[in-house]
Structure formats: C-alpha cells, structure tokens
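Asks: Each chain is listed here by its residues.
Protein chains: 2
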Amino acid sequence: MSSHSGYRGKSLSFLQKNNLQVGDIVSVATDVDYSGMIMPRYEYSDDEHVVLKLKSGYNIGLEVDKIKKVKIESTVELKKETIQQPQTNPNLPKLLLVSTGGTIASKVDYRTGGVTPALTAAELNATVPELAEIANIDTEVLFSEYSENLLPEHWKKIAEKINSCVQSEYKGIIVAHGTDTMQYTAAALSFALVNIPIPIALVGSQRSSDRPSSDAALNLISAAKFLVECDTTGIYVVMHNTTSDDEVACHWGTRVRKNHTSKRNAFQTIGGLPAFIIKNDKIIKNQQFNYVRKREYVPKINFDTRVALVKYYPGLDSSIINYIIEAGYKAIIFEGTGLGHIGKTMYENVAKAKKKGLFMGMTSQCIDGMVCMTVYESGRDLLNLGIIPLANMIPETALVKAMWALGNSKNVQEMEVLMKENIASEFSD
Amino acid sequence: MSSHSGYRGKSLSFLQKNNLQVGDIVSVATDVDYSGMIMPRYEYSDDEHVVLKLKSGYNIGLEVDKIKKVKIESTVELKKETIQQPQTNPNLPKLLLVSTGGTIASKVDYRTGGVTPALTAAELNATVPELAEIANIDTEVLFSEYSENLLPEHWKKIAEKINSCVQSEYKGIIVAHGTDTMQYTAAALSFALVNIPIPIALVGSQRSSDRPSSDAALNLISAAKFLVECDTTGIYVVMHNTTSDDEVACHWGTRVRKNHTSKRNAFQTIGGLPAFIIKNDKIIKNQQFNYVRKREYVPKINFDTRVALVKYYPGLDSSIINYIIEAGYKAIIFEGTGLGHIGKTMYENVAKAKKKGLFMGMTSQCIDGMVCMTVYESGRDLLNLGIIPLANMIPETALVKAMWALGNSKNVQEMEVLMKENIASEFSD
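Chains G and B, in that order, are what the protein sequence lines are.
The numbering of the first sequence is our numbering, which starts it at 135 and goes up by one.
The numbering of the second sequence is our numbering, which starts it at 135 and goes up by one.
One chain only, chain G, in its complex shape (with noise of 0.2 Å):
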C-alpha cells in the first residue's frame, strides 16, 4: 500500500503539504477535535475528505477545507525486513514456488487491518521454514494480483512459465494464487498443458500466511510434501480438506469448486472424491478415478475469450443471444436447469445461434450430475437445435475449456470436436 493510498486531488495535497502519509497518528481540530490514525482510502472516493480511524474503533470522514490544524502525534516507522533465504540441502529434491497473489501471498497491514497482496515468493518460502527440510524451492513473483482481477492472458502466462521449467531440474511447481477463480486457472492449466510430466500444485488460503489462524502453512507445506513424495504427474489444487488443521486435499483441476465463501475447507472434487488425502504425514490415492492418463506432452497454450457463459433462469429475455450473436462471440456455454434445459422462450434465438455457426454446449447450474438431454421433450428439442450437451462438466470447467478449445483450434468445427473428447478427465469416468 502507497504512504497515500487511494487519496487524490485536494486529499491529497492536504498530506503532502503537511507531510502525513497512511498510518500516522494525527489530532485534528475542526469544529471538534478528533485523534486517529490516517486511514487509506478506495479508488473511487471523493477527494474531499480525509479519514481517521479513531480510538473507538469508528471511522470519520473529516472535510479538508474545514480542517483548521493537525499536527502529527506519532509517525509511522517503515521497517525494513531482510529476508534469509533457507540453505541449500543438496539432498532434497528442488521445486519452484511461483507467486501470482492472493490471500496466500498477503500481508495484513495491522496499521489499517486491511490485507494487500504484498508478501513475495521468496517470504512465503521464509514464512513456513518447514518448506526447507521438504526440498530446496526457488521463488519467482509472476505477479502480484488478487484472483478475482486475474484473465486469460495471465493463465497463459503462468502455463508458459510452467512449460518453460519443465525440462529443468524442479521436481514440481507449487503456484500461489488467490483462491476467488483459482478453480478456472486450475482448468485453464488443465487443458493448456495437458499430460505435463510434473506435478503442479496450486495453493492458496482463505487466512492471509502471516496470520495465527492462516490455512497456508498446512496447505504450502502438504502441496510441497505432494510434489516430492507422490509419483505423479498433472495440476492439482492443494488446499484444507476439513476445517481443522489434519487432513488436505489434492483436487484434480478440471474438477474441483470453491463451494464455500470461507471456510477452510471450501475446495470440493464435484461428483467423487479428492485425487489425493495428505494425513497424517501420509498421501493416500483415491482409487475411485484414474484421471492421469500416459500420452504425449503437446502443450497448447491459447485462449480466445470469445465466449459466452449464459446461466438460464424463469424471466430470462432471449435477446441476450442476440446480443451475444451481434458482439461477435463464437460459442455459449448454457448453465440450464436440472439434466440440462433452457425454456421454450429461447428456441428461436438459440436456432438463430446454430444458424451463425456458434458452438452451444449444455452443463448444469445443479453443478453435480450428468446433463442428460434426452429424457424429456425440452431437452430433446434443444438437441434438435444443436445444443451439444457436456456430461458431467462443471460449467466453469466447460467455459474454460470452451476458451481453450476455441483458442487452439482453427474454426468452430475442430473446436467442437476438442469440447466432445475428454481431454483432461474433464469428463469423470
């Protein structure tokens, strides 16, 4: 966070011409007299006023212009850290530790107690000294975003890293990320490095790493043991499998959900069991699925975001395809109702869809269970309109894929083709 975070025109001027910065303890006289600490404040706040938390707790906005003195009663004191990097055990296996963001990668600013993406790769690893009797991990910040601002191209940029390391001496890539889309980046790996001969873990936690009660020890420290210790290969989600502190789960990334807003153990294997349990200082496979499956490493690493994700609901106004026709995308993935319907409402337009050659596949808003379109009439109606329907596909799975499928291909035709093969145990056996 900046000395004036989120404070612009007059605001800000008023702290720079009184050399205040975010943090500092300050009294104030205007009509009353207030002490606080300078509080940050957000992107789109007016410039007008400055905040202070004060002792109570309570915010106050106070308007600059009828600020009459301040004076500064404390400053804040900027620390600087140095971090040691762990020795080298030349008989521990290595491992890369790439940072994207996220909570994992946060530090809470106990001055203002808001969390902002700022601890490095290289921290994290100091953070958990556990990290290094599990293997040697060298640390890389790809970048430092929560996940909720995170885009195909940034999945495309943590896949060409991947793909650049995996000829190299790292045993496994363990991938800090937010856990608000890491379920989509875990597809996107999925499909664009598909039958990668290492294992790839990404981790994140619902509790920021350098809190008490944080989840990202546990989940850095397992996904480490994982990389080293298990015989496998393919992108996992490594995170709480319970809401204590004894058992983790190790998702394969096609078919995992955060299902929870924040719970430790919000991560869940849709329609089966985790890939893999770590208790007890012990892995244990889930026999239930094979999802590796020996073939070629041809990574394919493009996105076209020309794709549309419609959930359907009573009241839905068809227009919404044409307007998904007229912006130009090249496919939709439906999120239907029960085995996979839309209304009758949406008949003509989604014809008109199939008549522009759009890709359309059917998944489930129930998100558990196989789509089956040809139970009853709805569905089979929408059969006829050349709606494709995608099994047991989570739907965001399915539009990641759709992404994938449509980036790698050279017209709708062959992407089709791709969204019908079960590429990356997308579809569960």
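These are calculated hints, taken from the structure and not from any lab test.
Where hints are given, some of them may not hold.
No copy labels: a pair is met if it fits in one copy or bridges any two.
[Stated by the list, open to error] Restricting the straight-line Cα-Cα distance to at most 27 Å, the calculated cross-link-like pairs of lysine-lysine (BS3-like) are: (1) K486 x K144; (2) K397 x K554; (3) K200 x K397; (4) K488 x K544; (5) K290 x K478; (6) K486 x K428; (7) K478 x K295; (8) K291 x K478; (9) K478 x K144; (10) K489 x K205; (11) K489 x K544; (12) K205 x K189; (13) K478 x K305; (14) K203 x K228; (15) K486 x K228; (16) K478 x K397; (17) K554 x K478.
Guided by the hints, dock chain B onto chain G, whose structure is given.
Replies: Coordinates of chain B only, in the frame set by chain G:
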C-alpha cells in the same frame, strides 16, 4: 401427446392421407422394406421424414417422397381410463392439490419411451391411494408445463391461486411442480405470500409417478402429512432427503437449491439443515433457525423481470453491463467470486450502471457462505461503486427477490430498501 406430435407440412399430410398416427405399427416399402412403430417428432424437426422405431430399437427417418407403400399392421387403441374419486371422509381435514406440470404430473408413454406432462391432479391423487387416509384432497390443474418453461407470469398465477384459498377450508396446499425451477417458484411464492397463515408444500419428483421407481408417492404422502399435522405456516419444498425411501425433508422456500441433476435427494437447504425432517412417520423440527415470524399477511403479487443475473468469470467482457443498461434493465444481481468480488475490468461500467440508477446486488457463485466485501480491497472498491452485499442470500433467491422487490416498488430506491430487509428468511440468522 397429440396423435401427430411434431409432424408438420409434408410429413403431416402423408400421415393424414394414410390414416396413420404416432404409435401405429406399420410396414413401409421404400428401396428397402421396414417394419416398426411411428415415433413422434420434435418441434424443430424437418417436414421431410417420418420416423420409425424398428424392432432392433433403432430409430430410422424415412423420406416421405421415397415411400412407395405403407401398410398398417396394428393401430393404437385409445383406452379411456375412468378415474375413481376417493370417497370423502368427514373426519379428515381438507387439502388442495394444485398441479402445474413437471415429472410428478407426468406419464411415461410406454409406446414411445418419452415422458410427457399428462397426468391431471385428480389422476395424481388417485395414483397414490394413501393420500385419501390423510386428508380429503381437492385437485385442480393450473397448467401442464415442465418447470423449465415456467416464467414469472406463472409464479404470479400460482400465487394468486393460493392467495384465493387462504380464507377457505383448506388446511394447506400442495403444489405439484417440475423440479428444474422449483426453487425459483418457491422463492417467488415466499416473497409474494410472506406471512401467509397456512402452510404450502411444493412437491416434485425426479422419476415420473407411474413408474415403480418413482419418488413421487413418498414426496406427496409426506407433504400431505406435513401440511395436516405440522402446526406451521410458510412456503416449503418437500422432497426426498436421502437416496432411499425413508426420509423426506421440508426445505424453507428461500433457502433451498437443486444441487444434483438426477438424484432423489437433489434438493438441499443451503447453509443449514432443512426446516423439518419426516422420518419413521414423525415430523422433526430443526431448532437451528426459526424461519417463521408472526406478522400481518399482506400479499404483494407482482414481478418485474427487468433484472439481470451476471455471473462473473475471468475474461467476462464488461460490455455486458452496457447491454444491460441499454436494454432498460433496472437491476443486476452479480454472482461474484469468493466473498463477493468481480474483476477490475468491470469497474468502469459498474460505475456507469450506478450512475444510470440501476440497483446492483452481490451474491457469491460459491453458493454457500456469507458475502463479505470489507475484507479485501476489491470488495471495498465495489462497495464504493455502490454494489450492495447480499449476505448469504442464494444467488437464485436474490434474483427472484429483486424481480419481486422491483415489481412491488415505485422506484429503485424503494426496491433497495426491500432488498436489504430480511423479508422471508432469505438471509439466515
């Protein structure tokens, strides 16, 4: 199903000219000779073919122009079934069963294998003779639609029908409904008829009620029992709670979601236990939440569909917001990521929507858990842009509530007040 279901133009003329109908067994001479049953076609099929189901089980499309000769082997007999109304028992309370369609009101057509919404409420009552021992049940068919085809105007008709019976002798009302959009209708009735003084049970089934494996009977019997014996009020979804036939759950109408495409226990209460469980003939109340509040019953039965649901994902083009503004929508419900976020690329157009006076509410695509927009920068930015956090309201419930709140308000400001108020336990305590 009509006797020429799906046929039109040239193929319809062919059937009529030859006195043929769907279900007839025929021999057809073309270049090759075929024998089989005439199958129905779907609305969007061409008019050039007649479809036969061969004895092998395969369907074949025969071009009408190439048929040299056709001969009827046997024709469909139209049985007229007489429905015997159960006798009235003066010692039992009265219930009303309103049928809207869906699988629970469906028959499998054994000739064609298709499922159609054909059973009347009276037939439904007669199919499950146990009902006559619980209550005297009057029946009424409101419409016969699969629920994927129901619209907010249907919600209004169901609500008006129920409202017209509130002062009657009925102890409660069963609404037979397709499962695809049952949760939307349950939410709509919960808002429109809040504080209704009688209990209402929406009942569906995942397998049609004339099949041995159907869950319809247990769901219907349980709903009738629940309405008669349980001294409660409000809108409930009454469906299997396990995959076996021993436990039924009564879910509160604003807290329920269909979470599996095909399982009998697809419906779940989000963020808690069902309001009631019926097991071993006993009704057990969940003490966790007290959904019902005693207030005056003032039905508000309007819905305004100018509400868009926008599910955020990486790569979503923010122009969708411009389209929503230009198309005249009054509100947007976001399905954000994690604690309630959308990416920075959306901010500019979100600010534009706010300026245009649209209501914007935030829910989470995680489905379970609280939206909390004060933890991270992104959340605080979005609060400053005017997005209203909707706590743990289920996204689909939030969408329905917004349509209801808009439909019963003079303007968006009034709507916003309703959106923040806990009307029908859509925010759980």
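Asks: None of the hints should be skipped; say for each whether it holds.
Replies: Do the hints match the structure? See the list:
no., hint, result
1, K486 x K144, "between (53 Å within a copy, 23 Å between copies)"
2, K397 x K554, "between (34 Å within a copy, 24 Å between copies)"
3, K200 x K397, "neither (44 Å within a copy, 65 Å between copies)"
4, K488 x K544, "within (18 Å within a copy, 40 Å between copies)"
5, K290 x K478, "between (38 Å within a copy, 19 Å between copies)"
6, K486 x K428, "neither (41 Å within a copy, 50 Å between copies)"
7, K478 x K295, "between (46 Å within a copy, 24 Å between copies)"
8, K291 x K478, "between (42 Å within a copy, 19 Å between copies)"
9, K478 x K144, "between (56 Å within a copy, 24 Å between copies)"
10, K489 x K205, "neither (70 Å within a copy, 38 Å between copies)"
11, K489 x K544, "within (19 Å within a copy, 42 Å between copies)"
12, K205 x K189, "within (16 Å within a copy, 94 Å between copies)"
13, K478 x K305, "neither (53 Å within a copy, 35 Å between copies)"
14, K203 x K228, "neither (58 Å within a copy, 76 Å between copies)"
15, K486 x K228, "neither (54 Å within a copy, 49 Å between copies)"
16, K478 x K397, "between (39 Å within a copy, 25 Å between copies)"
17, K554 x K478, "within (25 Å within a copy, 33 Å between copies)"
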